[in-house]
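Engineer: Spelled out from the first residue to the last, the chains are:
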Amino acid sequence: MNTSPIVLLIQKIIKKGWLGKTFLALITLLAIWQIIVALQANPSLFLQQVINGLQLGFVYALIALGYTMVYGIVRLINFAHGDVFMFGAFVSFYSITRFQLHTWPQWLFPSIPHGLGLIIGAITVMAISMIACALLAIVVERIAYKPLRSAPRISALITAIGISFFLEYFAALNFVFSPNFITYKRPVEVVTWAIGLNGITTLGNGKAPPDGTILFSNIALIIILTSVLLMFGLQFIVKKTRIGKAMRSVAYDKQTARLMGINTDAIISTTFAIGAALAGAAGMLYAIAFPQIFFWMGIIPGLKSFVAAVLGGIGSIPGAFIGALIMGQAEVLSAAYISTPLRDAIAFSILIVVLLVRPTGIFGEPEREKA
Amino acid sequence: MKNIFSKSTLWFLGSAFLIYAVLQILVSAEILNSFWNTIIRIGGVMAIVSIGLNLIYGFNGQFSLGQWGFYAIGAYAAADVTYRWQINKSADGMVVLALATLLSGFAILWLRKRLSTVRGLDPLSAFTIYLAVTIILSALAWWLGTLISPTVTNGLNLLPAAVAMQIVFVSGVVFGAVVAAEISFLFGLPILSLGSDYFGIATLGFSIIIKILLDNSDTLLGFQEMKGARGMVGIPKETSLFWVFIFLVLVVVITRNLLRSSYGRAVISVREDEIAAKAMGIDIAEYKILAFVLGSFFAGLAGGLYAHINGFLHPNTFNFIKSFDPMIIIVFGGLGSISGTVFAAFAWALILEGVLRLFLPQGFETWRFVVYPILLLITMLLRPKGIFGDYEIPFLRQVLPKIRKTSETKGTDSPLEAHP
Chain A
1 MNTSPIVLLI QKIIKKGWLG KTFLALITLL AIWQIIVALQ ANPSLFLQQV
51 INGLQLGFVY ALIALGYTMV YGIVRLINFA HGDVFMFGAF VSFYSITRFQ
101 LHTWPQWLFP SIPHGLGLII GAITVMAISM IACALLAIVV ERIAYKPLRS
151 APRISALITA IGISFFLEYF AALNFVFSPN FITYKRPVEV VTWAIGLNGI
201 TTLGNGKAPP DGTILFSNIA LIIILTSVLL MFGLQFIVKK TRIGKAMRSV
251 AYDKQTARLM GINTDAIIST TFAIGAALAG AAGMLYAIAF PQIFFWMGII
301 PGLKSFVAAV LGGIGSIPGA FIGALIMGQA EVLSAAYIST PLRDAIAFSI
351 LIVVLLVRPT GIFGEPEREK A
Chain B
372 MKNIFSKSTL WFLGSAFLIY AVLQILVSAE ILNSFWNTII RIGGVMAIVS
422 IGLNLIYGFN GQFSLGQWGF YAIGAYAAAD VTYRWQINKS ADGMVVLALA
472 TLLSGFAILW LRKRLSTVRG LDPLSAFTIY LAVTIILSAL AWWLGTLISP
522 TVTNGLNLLP AAVAMQIVFV SGVVFGAVVA AEISFLFGLP ILSLGSDYFG
572 IATLGFSIII KILLDNSDTL LGFQEMKGAR GMVGIPKETS LFWVFIFLVL
622 VVVITRNLLR SSYGRAVISV REDEIAAKAM GIDIAEYKIL AFVLGSFFAG
672 LAGGLYAHIN GFLHPNTFNF IKSFDPMIII VFGGLGSISG TVFAAFAWAL
722 ILEGVLRLFL PQGFETWRFV VYPILLLITM LLRPKGIFGD YEIPFLRQVL
772 PKIRKTSETK GTDSPLEAHP
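Chains A and B supply the protein sequences, listed in that same order. Every letter in the first sequence is one number past the one before it in our numbering, and letter 262, counting from 1, is 262. Here our numbering = 1-based position in the second sequence + 371.
Wrong hints could be hidden among the right ones.
Stated by the list, open to error - Below, in silico cross-link-like pairs of lysine-lysine (DSS-like), each with a Cα-Cα straight-line distance of 25 Å or less: (1) B/Lys598 to B/Lys608; (2) A/Lys254 to A/Lys240; (3) B/Lys649 to A/Lys15; (4) B/Lys460 to B/Lys608; (5) A/Lys21 to B/Lys484; (6) A/Lys16 to B/Lys649; (7) A/Lys21 to A/Lys146; (8) B/Lys484 to B/Lys598; (9) B/Lys460 to B/Lys598; (10) A/Lys15 to B/Lys693; (11) A/Lys239 to A/Lys254; (12) B/Lys608 to B/Lys484; (13) B/Lys693 to A/Lys254; (14) B/Lys693 to A/Lys12; (15) B/Lys484 to B/Lys693; (16) B/Lys693 to B/Lys756; (17) B/Lys598 to A/Lys16; (18) A/Lys245 to A/Lys146; (19) A/Lys146 to B/Lys756.
Unchecked claim - Not close to chain A: a few residues of chain B, all C-beta gaps over 10 Å, as computed: (20) Phe376; (21) Phe406; (22) Leu492; (23) Val604; (24) Thr737.
Unchecked claim - Among chain A residues calculated to face chain B with C-beta under 7 Å, some are: (25) Ile14; (26) Gly17; (27) Leu19; (28) Ala41; (29) Gly117; (30) Ala151; (31) Arg153; (32) Thr159; (33) Phe170; (34) Trp193; (35) Pro209; (36) Val353; (37) Ile362; (38) Phe363.
No wet-lab data here; the hints were simulated from the structure. Glycine is no exception: its CB is placed at the ideal position from the N, C-alpha and C atoms.
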C-alpha cells in the first residue's frame, strides 16, 4: 500500500505518544521558564524562597515518613496521621506553657550555660511529644486497626477517617484543647541572620535587612538539623537493627514473616509508633516555625505530606523525603511567583503530572500482583 | 415486556411511590417541618452521589475520592444556570451550557469511535486531542449561545413563569451533570490507568483543585455571580421532594439496568480480576471510563439538586474532608449493594444532620462530631462489610448470566442480552 509521508508521520506521532508527551513537556517548560525568570529578576529573593521551601519541606518530610512507613507495612492510608501531628504540637505547647519543661536544666543546675540549657530543654520537650504521640498511635492501632486486619482494606480506611474526625473534634472540646487558635510559645528566641556577599550580620528587632541578602533564622536551622538527625535515626533503625529488619520483612511478606517467628502485630505497632513519633516531632517543629496551633492544624500539612509520600513513591523512605522537599518548594515557589491562592492547586497538579509520567511515584516500585 | 411488569419491578416502583406519597403528605400537612424535609432531600442527594461512587468503587473497583469534585462542578454549573435565569432574567447560562455540553459531548463520542480504530494511541495523547477539541467547541458554543440566547429567553417568557423555571432548573441540573461527566471523561482518560491507591490520590487532588478554583471563581474563572469564597447566594430553591425522588429512582433504575446488562457484567469483571477480564477480551480501559463517567454524572446530578435545596453554595461545602462522606456511606451500606447505599445515605443524613443536631443534651452540642466517628467506628468494627453486606432487594438483585443460552435467543429483544 502506498502511504504518503504525512500519514507515516502521523502514525509515528501516535505510536510514540508524542502528542501527550509534548503536552506534558509544554507544562513543564512553562514551570521551568517561570523559575528562570524569577531567578533572573531577583536572585536573592529566589534563594530566600528556596530556603523557606526547604524549611517547610523538611517538616513535611517528617510527617510523610509516617505515612509511607505505615502504608509500606499494612497498605493503609492512615488519615489520622495528620491529627497525631496536631496532638504532638499541643503536647509540646502544654509542656512548655503549663509545665515549663523547657527550663528544667536551669532549675536543677542553675550554673548551666543558658544556650546549653535551652537546647537540652527543647530536646526534652520534643522527646515528650514524640513519646506521647507514639503512645497515642499504639492505642489507636490497637483499638481501631488491629481488629480489622482481616477485613477489606477499605474498612480500615474508613476507621482511619473516623479516628481522624474523632481526634480533631475531641481536641476541639472546651476541656481538651479548645476550638480556638492558640499562640504557641517558642522554647527558643528567634535569631535572624542576613547572609550576603559581604558576610553575615545578625538582625536585631525591627532592623531592616541590607539589600541583596538572604535571611536565615535559627528556626530554619533547628528544623533542618532536627529533621536530618531524625531521618538518619530512622534510616539506622530500619536498616541496621533487628526491629528494622523485622519491619522490612513484614512489609515484604506478612505471612512468611510470621512463619519465620516474627511477631507481626508487635512490629506493626512499632511501625505506627515510630511514624507517630516523627509526626510528633514535626508537630513541634511546625509550631515553632508558624507559632499558631489549633485543632485543625493537622489536616492540611497532613494531606500535603501524604501527597509528598505518594509523589516520592509510597512505601519508600527516600521517596518520602524527596517528595516532601518537592512539595515544600512547589508550595512556596508557586505562592511567590505564580499565584498565592492557587498554590495548593499547583502542588496537586504537580502530583497528578508526576503520577502520569511515573505511575507509582518517583521512587516507587512497580505495583506487585494483588495477593 | 414481561420483564418490565415482573413482580419485583412492580414491588419496587410501588413501594418507592408509596414512600414518596407518604413523605409528601407528611410534608404538605406540615407534620414534618422544613428541617426534616431538608434532611430527607439531603439524604436523597447523598444517595445519588453514593450510588455513583458505588458504581465506580463498589462495582468497578476504582478507588475514587474525587466524586466530591464532580458534585461541586454539577452544583455550581446548575446553580449558575438558574441564577442567571432568576436574577438576570436571561437564559444565556442555560443555552451556553447546553450547547457546550452537547457539542463537545457529541464530538467526544464521534472522536471516540474514530480514535478507537487507531492502534497504539496512548491515553495521554488521546487526552490532549479531546482537551483541545472540547476547549475549541466550548468557545464556539459560548459565541453561538450568546447569539441565540435572547430568542430562547423570549421563547421561555411566553410560558408561565413557574413552568419556565422548572424547565430551566431541570435542564440546569441535567446539563450540569453532563459537564461533570465530560470533565470526568477528560480527567479519567489518563488517570484511570494508574493503580488503585494512586488513582484515589489523584482524584483526591482533583477534588481539592476544584475546591480551590471555586474559592477563586470570581477572580480567576471570571464568574462574578459565584462570588468565590464568599459563597454563592440567591439560587432559587427549586429542589422539591418530588425532584429528588424522581432523580433517585431514575438513578437506581439506570444503575440496576446497567449492572444487569453485559456492560455491567464487564464492569464487575474488571473489579474481580483485571487480568482475567483482559484475557476474556474485555476492554478494561473502556469499562473503567464507562463506570467513572456514569458515576461522575450521578455526582453532578446530585450536586445540581443540592445547590437548589438551600439556595446557597459555599466552596467549603466541597472541602476534601467532606469528600469522604460518600465513601463512608457506601462502605457503611455495603460495597456493591445499591439498596444498602440508599439506606445508608438516608440513615447518615438522619443521624448526622438530624438526630445528632437535635437530640444531644444541653451543653453537648459540640459533641456531634465526637459521637459520629464513634458510631462509625463501632459499626465498622462490628460489621466490617457494611450494614447490608452484599444483600440486595429482589428488584436490584443481579441476574446471574445464563451460561447455556442458545444462539437462537441472540438478537431478540431480550433486555438481558444487549450487545456492546
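Engineer: Tell me, in ascending order, the numbers of any earlier hints that this structure violates.
Structural biologist: 7, 8, 10, 12, 13, 14, 15, 17, 22, 24, 28, 29, 31, 34, 35, 36, 37, 38
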